[in-house]
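Turn these sequences into a full structure, and let the hints steer you where they fit.
Residue numbers (my numbering), protein chains in the order written: chain C, 1211 to 1491; chain A, 451 to 716.
Hints were generated in silico from the structure; no laboratory data involved.
Do not rely on the hints blindly, as some may be mistaken.
As the list claims (entries may be wrong) - Have a look at the derived ranges for each label pair, beta carbon to beta carbon:
| # | chain 1 | residue 1 | chain 2 | residue 2 | range |
| --- | --- | --- | --- | --- | --- |
| 1 | C | 1247 | A | 703 | 55 to 63 Å |
| 2 | A | 617 | C | 1279 | 54 to 62 Å |
| 3 | C | 1241 | A | 713 | 18 to 26 Å |
| 4 | A | 616 | C | 1287 | 34 to 42 Å |
| 5 | A | 689 | C | 1279 | 36 to 44 Å |
What the hints assert, rightly or not - With a straight-line cut-off of 20 Å between C-alpha atoms, the simulated EDC-like cross-links for lysine to aspartate or glutamate are:
| # | chain 1 | residue 1 | chain 2 | residue 2 |
| --- | --- | --- | --- | --- |
| 6 | A | 587 | C | 1273 |
| 7 | A | 582 | C | 1408 |
| 8 | A | 582 | A | 572 |
| 9 | A | 583 | C | 1273 |
| 10 | A | 609 | A | 584 |
Treat the numbers as computed from the prediction; the structure is a model and nothing was measured.
Virtual Cβ for every residue (Gly too), placed ideally from N, Cα, C.
Letter by letter, the chains look like this.
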Amino acid sequence: MIDRNFSPVAGTEAPLSGTRRSLTFPSLSFGPINKFFEWFGDLGIFFWRVVHAAITPPFEFRELFRQLDEIGSMSLPLVALAGAATGVVLSLEARYSLTRFGAKSLLPAAIVFSVIHETGPIITGLVVSGRVGAGIGAELASMKVTEQIDAIEASAVSPCRLLAAPRILACILVLPLLTLAADFCGLFMGWVAQALVEPLSFHQFISAGFKGADFNDFLPPTFKTMMFGLIIGLIACFQGMRTQGGAAGVGRAATSSVVLSSLFVILADVVLVKLILIFFP
Amino acid sequence: MATIDQVLIQAALKPEEATKGSGVPAIAVDDLHKSFGSQKVLNGISVAVNRGETLAVLGRSGTGKSVLLRLIIGLEEPDSGSILIHGRDIAGLNLDQLCEIRMKMGFLFQHAALYDSLTVEENVGFPLVHHKKEMSKSERADRVKQLLAEVGMEGHLKKMPSDISGGMQKRVGLARALALEPDILLLDEPTAGLDPISSGEINDLVLKLQAEHHTASIVVTHDLHSAKTIADRLALLNEGDVVVQGSFEELQKSDIAFVQEFLGHS
Ligand SMILES: Nc1ncnc2c1ncn2[C@@H]1O[C@H](COP(=O)(O)OP(=O)(O)O)[C@@H](O)[C@H]1O
Ligand SMILES: [Mg+2]
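Pasting the structure below:
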């Protein structure tokens, strides 16, 4: 049975019960480090199973569409609001600092660049980590502790295929769209904040802002959020499906999904920003 | 439209029928050990169930009865020992092969484990949706109604699991377990929380499946009356092992103190 657990190549899959932790090193002081590597190893195996489930039939299209709808609609208002608020803040801050340095004419460009390059994507990633990470984490965790996930397995259906793959795919597909919404709200409110001080049409603001910008400024940062989606979906499903310990476990799973997915979103952003600067100069 | 009986009889004539009478037990568990951390739960347990036979598993709470059933369907892995289903060791199987075997097993969880986002009807239809893709919507609806009628739940199709009582959830769980006409049934306390009339109906249903479909069943129960009615053999578990195994009369004659105490208190 151990073979089944660790031979993902054959498209195999072991039950996701967290009961098969087997590595125990004698020294206690290595405990947390072992746990960390074990966690990473298990996450890798889980990821492989999800990939396998996602690329081999039968595909759970209905569940995918349901998740797209659910994840999209539950995050959209939050993302729009967060995007709008950062747009205003950026606008106020940029006005203050650029005026001080006598570069006020760069204001629209500064706002546009910072929104589409960084604040839009990362704000979306973090808001979705919170909302969807907790949602998926708690949902799957409560299914796990009430043996519903075991029941799916006992019915000879793969929980990875039925539950994890559609949720993760939906996160990957929805994040760039939500990022567009955050970008738009951020730019719009950034303009509003400017226009209140100094009359300027939205059209003027946008054309001044996008002068000198090309698709390389826009597409890579937007599409990098697919990676955020993968991280959020993967970690939330993983933490949810390995939950143990009743109702308390459900709370822990929801918390850890949010904490870990936001953390990894930020860490991934560091790497992605660097890569984007290298490949799309 | 085929009645459930016809469907079950047809299914009974399929390949697994070959193993019937050939001496290969449907379920053979040998020297099974299972611990959780430092807690030893199963301690070298061995049981075998033939087709057309029902084994009742008795024992105090926490002796590992549910764990035994979970091991048999592969939801947990044993520390050592073997589990053979129709003569095939499930330890060596990959997931596809294991799924093939699971499709022929019906599992009723101790707390029913109904999908809480699906209605009663969708819960029972779940295995059909995933494994009987050739079935049309209306065929499936008919089959679900039949199954729910078998357990006396045909009047609650559209309810959510949270809106029905624990005993009713149990019965829906049983209907779901029977959806794919399994030839092995693993029932974890099917009559717990049921009124005497409903539990009598469940007993009759298990007996009927056994007679018509030659189902091999392991039924965990605290209900001695039910065990006496449906089981060919009873196995009494204590501290992770079988203390005594045999017919109800044989158990009554046993001079082991624990057996007498157990039967005496029931
Ligand atoms: N996944 C698990 N992790 C840790 N302990 C478990 C697990 N599953 C069962 N146990 C323990 O195994 C023992 C037997 O449980 P169980 O089989 O549910 O008993 P019962 O005979 O009442 O069905 C209990 O003490 C329980 O705490
Ligand atoms: Mg139990």
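Here is how each hint holds up against the structure:
no.	hint	result
1	C:1247 x A:703: 55 to 63 Å	holds, 57 Å
2	A:617 x C:1279: 54 to 62 Å	violated, 35 Å
3	C:1241 x A:713: 18 to 26 Å	violated, 47 Å
4	A:616 x C:1287: 34 to 42 Å	holds, 38 Å
5	A:689 x C:1279: 36 to 44 Å	violated, 52 Å
6	A:587 x C:1273	holds, 18 Å
7	A:582 x C:1408	violated, 67 Å
8	A:582 x A:572	holds, 14 Å
9	A:583 x C:1273	holds, 16 Å
10	A:609 x A:584	violated, 26 Å
Figure legend: structure checked against the earlier numbered hints; hints not met, in rising order: 2, 3, 5, 7 and 10.
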